[in-house]
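Based on the hints, put chain B in the right spot on chain A.
First to last, the protein sequences are chains A and B. Under this note's numbering, the letters of the first sequence match residues 1 to 491, in that order. Under this note's numbering, the letters of the second sequence match residues 492 to 1091, in that order.
What the hints contain is simulated information worked out from the structure, not anything from laboratory work. One thing to keep in mind: the hints can contain errors.
Derived coverage of chain A by chain B (criterion: at least 3 residues anywhere in the stretch with Cβ under 8 Å from a Cβ of chain B; other residues may be distant) [to be verified]:
no., stretch
1, 319–331
2, 388–398
3, 409–419
To be clear about the criterion: a stretch of chain A counts as covered by chain B if any three or more of its residues have a C-beta under 8 Å from a C-beta of chain B, and this derived list gives those stretches [what the hints assert, rightly or not]:
no., stretch
4, 437–443
5, 469–477
Derived contacts from chain A toward chain B, CB cut-off under 10 Å, selection only [what the hints assert, rightly or not]:
no., residue
6, V166
7, L169
8, Y309
9, I423
10, R433
11, E481
For glycine and all other residues, C-beta sits at the position ideal for the given N, C-alpha and C.
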Amino acid sequence: MFSPLFLLILIPLAGVAAIIFRVPPRRSAIFSVVLPALLLGGLASFNHFGANFIFAQTVPWLEMQGLGRIVFRIGLDGVSFPLALLTAIVSVSAVLVVPPQIEREREHYAFLLVIVAGLYGTFISTDLFFMFVFHELALIPTFLAIGIWGQGTQHKRVQTACHVAVYLLLGSLVLLAGILGLIYAMPYGARTTDWIEIQSYLSRHPIPVGVQKAVFPLLYLGFGILVGIFPFHTWAPKAYATAPASVAMLHAGVLKKFGLYGLLRVAMPFFPEGAAYWEPWLVVLIAGNLLVLGWVTLAQDNLGDTIGYSSVMHMGYLFLGLLAFTPVALTGVVLLMVGHGLSVSGLLVMNGVLLDRTGTNRYALLGGIGKTIPFLGAFFVLMAMASIGLPGLGNFPGEILIFMGSWEKHPWLVVAALFGVLISTIYMLRAVRSIFMGEAGSSAPRLNELYLVEKGSLVLLASALLVLGFAPRLLSHGAAEALASWIGKGM
Amino acid sequence: MPCEYWWWVLFLPLATSALIAVVSRPWRNASAVVSVASSFLCFFIAAWGVHTQSHAPSPVQWITAGDFSISIGMVLDGLSKTMLLTVTGVGALIHLFSMGYMKEDNGKSRYFACLSLFMFSMTGIVLSSNLIMTFLFWELVGFSSYLLIGFWFERPSAAAAANKAFIVNRIGDFGFMIGILMAWHWLGSIEFAQLEGALNDGRGAHVPGIILVLMTLGLFCGAAGKSAQVPLHVWLPDAMEGPTPVSALIHAATMVAAGVYFLCRVFFLISLSPATMNVIAFIGGGTALFAALIAVQQNDIKRVLAYSTLSQLGYMMMAVGLAAPGAAMFHLTTHAFFKALLFLGAGSVIHAMHHEQNIWKMGGLKDKMPITCWTFVAGMLALSGCPFLSGFFSKDAILSAALEKNHFLFALGLGTAFLTAFYMTRLTVTVFFGKEKTKSASHAHEAEATMWVPLCILAAFSVVAGWGGAIPDMLAISSGENHGHIVPALSAVVFLAGIWLGFYFYRGKKTEPFSVSLLANKFYVDEIYGATFVRGHDKLGEACRLFDRWVISGLLVRGTGLVVSGTGHLIRFMHSGNLQGYAFLFVIGIVFVLYQYLIR
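Bound-form chain B, shown alone:
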């Protein structure tokens, strides 16, 4: 029996957003309450639906043109249910946290309207049953992220970051759309179920190999844009200009994970092309290491976390490329918990420090804000892969897959794990331990309950989410080959090494003890892009403008005009009304005629 109430999960946030925009905009607190209530309601409906194992509703036709149609439908399997619960659950907690964080902001109504719009878009990607519907919500996610990054749009840096995020996402979507169109053309459908069917019963056999590679690379291009993989990673660190709960929800837990989720959704397709799988694995592994290196030298609390997110997303991508989508999704889920926790903890710190984000101006917050501190430590340990916390299990699943397939990537993953433990220790020690480095650090205090309750819930999940194989069960995957104790032992060793080195270098330090400008400047990627692509494109625009102005408008159009008016002037000159002039022309005419007839 299809259950129509699933539509509520999708459309309730949209209705909330519209309600806030149209009706409750002037009443800021009412808007906040409505939005938070709707986010929790959404989660409960989704949880109820998953619990009762009800079926997806029948699809609705969105556009029809004769036999051709695009529908809006839902897929409800282990993959989408896990993702749905993660998105709505973490989303609801972050809505709650935002109530406290955005308390004083004048634009609170706008904030919650955008947040609800984002929930709508994200739920749409999760539930989507076809490629076009995915693309539709994919773009909407990019748009709501644009609105939220640019939430404080009067700040030039926020405005620039919002534009950058949207444009880079659209570069990814450029490839994504090509991939979709190729899939539609060569496989004859956009529905996931039918695509999979077509490939299973051999109807995909006629597709040339090169087409398959290009198609899957196109789809990966979209995923790389959304999940901020190198070389399209540049937007994510800048996206930290948005309010911190936004960073927690969109730029850590959900939207950036959409790329990984999508690749798992179309895994049946991309796994047909070994070349693409290799590209994905190496870009993922490369991103993991690259971002972890940068994170070691960042001084802004949110930027450290942003690069850490990049690095973890690289991990997940690597897992997809290593044909372990289950491991990728497992890590995606645990990462959603602990990274949302870390960002919210950072938000709590930033709130208490009156929007100071430099970690070298913090310090000693352990005693001032104990709940924030100890939940942050829980999240940090989970992220670093402390044995028996959630991150340890999910990271193990990925590393096991790497050990099985590719030893180079395994070493890369292990190195990244070490760096992760190292930079997270650096961050935690500098922010929470030691002595207060500034006055505002010594005046900081714990925030209200709407902010620390979500922290505690997320901390609990960060600890237990890996236990008992609950998430792999739900994903309906085997939790990977068992390689005995090599992988857990090695990752425990690198974890301890990272923690120890972090403490060794950073305990009690007042400033950065050593600096590497290449890392602090993020490998100069922004500068390189600025000098090449951005500048080049602007120059091209300028060249085309000049061409349009001087060649088309000037030479051709005005030239034609001049020829016409010149002829006119010439003829006017002849029609002077001067009798002698006419007589002169008359004589010339006679001479000409005589020449023609007599002399020749």
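Just chain A, same shape as in the assembly:
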């Protein structure tokens, strides 16, 4: 049987091929992100993604001396389905908002499709090796896109691209060391990269405590750097402020979740003793994400940096939920990954629109846009509210579950997180006020309209946020089932 999940990777790649063969790039790009999204939606309406991996399929790939078998194994359960869904929604809205007269159009769309294929691959693989490879596949076009289509002078954006590339590749290297550490911690015969098999092996033979203590920090930092863990976060705001909106959306909204997903699937469940040993350090780092980065965000003077810093700051809630590692908190982590991905994408769309219309995103130069472009104002308020955890929108259910699930183990860290919510209220309201309220600023928009595709992209993201906010049960139920079986077996 041929698993339909392969199509999620193959359709975007087919789109790349079509672009190479000179099919109109925009049309083929839209087709090749909408089709997987519809496919995934269709699969979800007839199937329940819960405890088991469904549409699972295994393709043997390589057997290596000493490293064990590497198989390409795919499947979706209640934890990975929400992330695949997030990929679907964000990829459609990201492709829609690519500006019409972009330079080197074909490459741009081809790069986006490669990123999308990589994203789907990352979340449907149940194998560490392929997860890692797909992640890198999505990462490399990201660097190039920042350098080619980024904001600012060529010198500046190439510099940023290099900075981000070096940083993230170093992170990946640390991660690779951690993965090798994990594999070599198992005896020769049992070695594999398939984390379903690793899990069933480790549930019978846990890794020795000494090895856990040594390998866990590699995995945690490796995954963590890709997410923007404090103090290894400085690449992120730079990248998001420079990258073109579509690429920033795919990275901040979806690709970054790979690190959290890896922590959830691998680092935290396989190394419980290691996590316990390093816990005091993790607490400090998480507080750094929540508070120090919150205050840093407060001091930014333009929207791009505010979004970038707030996005890494919000990772603190997710790290907190992962550290607590209770079923409730982890369900919250899954929901918040989706909610954060949607809301930050929406904000990035609007940052792009603002730059396009007014030529700036500095607060001091803007003002009164709510009067001139009311549609933008309304959606900005909505996305800003989502990102600061207003009930009824996508981030709140995840946050509340994380707080409730983490209170028992880390009440002080939850208090810090709640204070972080307060800080994010202040900076987001400040952004709304200085851009959209008050009197007109010195940079007036050159066009008081949004293009239809921009509106469509925002409406898509906003509807998803509303559905998630009003009916989080749609995702939380399956996620909790999957987590129960995952943690139950693994620990």
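Same frame as chain A, but now just chain B:
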């Protein structure tokens, strides 16, 4: 039999709001009609439900994670029914009034969409059956209030006021959430019914006292933010930047009362901690007096009413702290009627004066707008505690409780009652009586029927709401101990004294006869907060930014980069391609090896 039609009371306003936002936005009048119709329909459904005594519908699961779940359910008891009728009834009248008040405004559709959204949120708090659902709607109320305060967002003052309101509310919610999490952790549930059950059958006995104090203080923190108690009161006066009907609905009758309502809802919990009860009583009493003092010296008609609202909310809080939640709810209900009336009357005046709000530019409006004037007087008398009007009875209930528990607070309450009568007389005399002080005052005239009909209905309720003990019956509480005639007699005396002094000082005056800058400047609280918290927090942000930029990004990241590239340069220097250079290094190497092997 659970009755599913209760969901309509909750979700009809939301549907209306969505309908206006998505469909009828371009047709302003249609939006207004839809919103008004839905608000009245909501009230009628609620009234029908209360009348037939139908049961609450079965709860719906909002989020589930294994065994854990949060549901959306309803509690229908005397407390919530009274509050529900007040909210939907006063809300419907204010919707009607808004039709006239906002007639000319371009953003009418947006206004009514926000108003309906607010009704949804507020109804949610009233009907909520658990702590998380309360929190959910609590935040939504704060959000819709933010939208409505900032309705005229192109005005910088309105934008600032909206931000301030939302942020201060969220400071309250910070404590509120901690309280909720502690309750959940220590008592094992978020459902009100189960919490009460747990406390009644002794399962709460293991909770340490200090935890109980912190938990209840956290819950009170949320209530203090929403009900604008000192020190979180600063947002409410600024919230007057919103349209006046909004001030009537949200910042007088309903949203700000939510804090008091919530404390009555969880009274079984907070009453376990005497320390918290004391804090509540004293903060409430303090707020009552503090705000009444400020109100005496304000010159903006809406600000006088805003500080009066603060003061009355303080009264209600004090009642909760004195273990008289029934009295608090009684006063909340009567206050909703007469304060909504006063604000709408002020709205009518402001409308007639073309958005002039300074009371020293009004005067003599009695003959120009008689309906507004006499309904305003009815509201003012009810608020000041004129015998046999609604405010008199509800205030009596609170004062009786104070007399029983704490004489200091009783004296404080009595002093506040005197000040209330005084500043309301000042306001009424200056605005409605005497001679016109400006031209626009002499051109003012009564507004259309959509505006004065709600005034008359609210005036009627302000007069009769205290009669016959109807509201205490509905709340299913005893209307308090009977202390004979001491309390009514004393409050009648302070009422008369306040009225008399007000007339004595302000009759026929053209300007403020005496000024106290400490009161006129609201005890400089805004300035103090600005210089300490706001500035301090900004500085902290700046410090963190510099740390991030120079230490993390500069020293660590770029430093590492420099070390790497420096090493690279060094090695490149050695690989110069210069033969003499290689020969030189070769010789150095040989010397080094020889040194190692031969000389040592």
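Now the hints, each set against the structure:
1. 319–331: Our answer is that it holds, as 3 residues pass the Cβ test (under 8 Å) against chain B, meeting three.
2. 388–398: holds (count 5)
3. 409–419: That given contact holds, which follows from 5 residues of the stretch 409–419 of chain A lying within Cβ reach (below 8 Å) of chain B.
4. 437–443: holds (count 3)
5. 469–477: holds (count 5)
6. V166: holds, 8 Å
7. L169: violated, 13 Å
8. Y309: With Cβ-Cβ at 8 Å, under 10 Å, it holds.
9. I423: holds, 8 Å
10. R433: Nearest chain B Cβ about 5 Å off; hint holds.
11. E481: With a minimum Cβ separation of about 7 Å from chain B (threshold 10 Å), the hint on E481/A holds.
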